[in-house]
Every structure is written in structure tokens, then in C-alpha cells.
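Number of protein chains: 2
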Amino acid sequence: MPKASPKSLFGKAVRALREERGYSQEDLAERAGLHRNYVGGVERGERNVALENIVKLAGALSVRTRDLFDSLP
Amino acid sequence: MPKASPKSLFGKAVRALREERGYSQEDLAERAGLHRNYVGGVERGERNVALENIVKLAGALSVRTRDLFDSLP
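As you go down the protein sequences, you meet chains A and B in turn. Using full-length UniProt numbering, read the first sequence as starting at 1 and increasing by one per residue. Using full-length UniProt numbering, read the second sequence as starting at 1 and increasing by one per residue.
Okay, chain A solo, but in the shape it has when bound (with noise of 0.2 Å):
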């Protein structure tokens, strides 16, 4: 089993708090100032999310930023 990339393990983490929040992938764009498909490719590991936006999602679900990186090594 190949080991998780940050960028899907973070994409994880994001998806797994805005579900809990019952938040579409739209309504957490739009807290974060974010566009829609940015955050679907947050979600699906294909982004390699900068600081900036890494705290607007944080900001976005209600957590504090180091809370999005508790499955990273």
C-alpha cells in the first residue's frame, strides 16, 4: 500500500471537517474566499495547498490551522 502524499492526506482532513459540518464543497469556498473547484482539488489531493489559503479553509471550518495536519506525519 503506497504511503498517503501530504497533499492527499490534507485533502482528506479538509473534506472529512466540511462533511462533519454538513458544508457542500460551495459552501466552504464561498466562507473561505476560495473558488469551488479549488476546493474540490483541495479535497482530491491534487492541490499543493500554500499557507495562505491552508489558513482561509482553517478559518473556514472552524479550527485552529494546525488542526487540518493531525494525519500528517
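These are computed hints drawn from the structure, not numbers from a lab. Check each hint, because a few of them may be wrong.
One copy or two, it doesn't matter: identical chains are merged, so the pair holds either way.
To be verified - When the alpha-carbon atoms are kept at most 20 Å apart in a straight line, the in silico EDC-like pairs for lysine to aspartate or glutamate are as follows:
1. Lys56 to Glu30
2. Lys3 to Glu19
3. Lys12 to Glu26
4. Lys3 to Glu52
5. Lys56 to Asp70
6. Lys7 to Asp67
7. Lys12 to Asp27
8. Lys3 to Asp70
9. Lys56 to Asp67
10. Lys7 to Glu46
11. Lys3 to Glu26
Based on these hints, arrange chain B on the given structure of chain A.
Same frame as chain A, now just chain B:
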């Protein structure tokens, strides 16, 4: 007092951890597989660091990725 930016907070965290370990920027860059100038820019809060480099820096500093975000909201 203007609110510190995520880039600035992240950079200070990297610098503090690096200095705690007695590494030069060159040492850290080499351990992380990054360029020394890049590490300098990160520490000065000039770089919007992306996920994969964040994970490299955490590994090079022997901390969990989430630990680099203790000082961020």
C-alpha cells in the same frame, strides 16, 4: 499593533525551531532538500510556503507538521 501575517508567524516558528536545534539556515535547507535562500525567505515571512515544502521543513526539524502551526490561529 498590526496582526502578524500567517507567513510571518510561520517563518518565526521555523526560525525558533531551527535555532533551538542549533542549525544554520544552510543546515536546515540541506536537511529539507530546499535552497538556503528559500529557507531565509520563509523565515523572514516572505514566502507563501506550500504544503509539500511545509512537510519537508517539519521533517527536517524533526517535528510533526502540525507543530509548525502552534502560533497560528
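Quick rundown of the hints versus the structure:
For a Cα distance limit of 20 Å, the shortest separation of Lys56 from Glu30 inside one copy, 11 Å, qualifies, whereas the shortest one across copies, 30 Å, does not. In this assembly of identical chains, the alpha carbons of Lys3 and Glu19 never lie at most 20 Å apart, being 24 Å within a copy and 31 Å across copies at closest. Only within a single protomer do Lys12 and Glu26 lie at most 20 Å apart by alpha-carbon distance; the minimum there is 17 Å, versus 33 Å between protomers. For the homomeric pair Lys3 and Glu52, the shortest alpha-carbon distance between copies (14 Å) is at most 20 Å, but the shortest distance inside one copy (26 Å) is not.
Taking CA atoms no more than 20 Å apart as the test, Lys56 paired with Asp70 passes in both settings, with 17 Å inside one copy and 16 Å between copies. Within a single copy, Lys7 and Asp67 get their C-alpha atoms as close as 15 Å, and across copies as close as 17 Å, so both meet the 20 Å cut-off. Taking the closest pair of Cα atoms, Lys12 and Asp27 come within 20 Å of each other only inside a single copy of the chain (17 Å); across copies the shortest separation is 32 Å, beyond that limit. Proximity of Lys3 to Asp70 under the C-alpha cut-off of 20 Å is restricted to the intra-copy arrangement: shortest distance 16 Å within a copy versus 26 Å between copies.
With identical chains, the CA atoms of Lys56 and Asp67 are at most 20 Å apart both within one copy (13 Å) and between copies (18 Å). Proximity of Lys7 and Glu46 under a CA criterion of 20 Å is satisfied intra-copy only: 7 Å inside one chain copy versus 23 Å between copies. Proximity of Lys3 to Glu26 under the C-alpha cut-off of 20 Å is found in neither arrangement, the shortest distances being 30 Å within a copy and 29 Å between copies.
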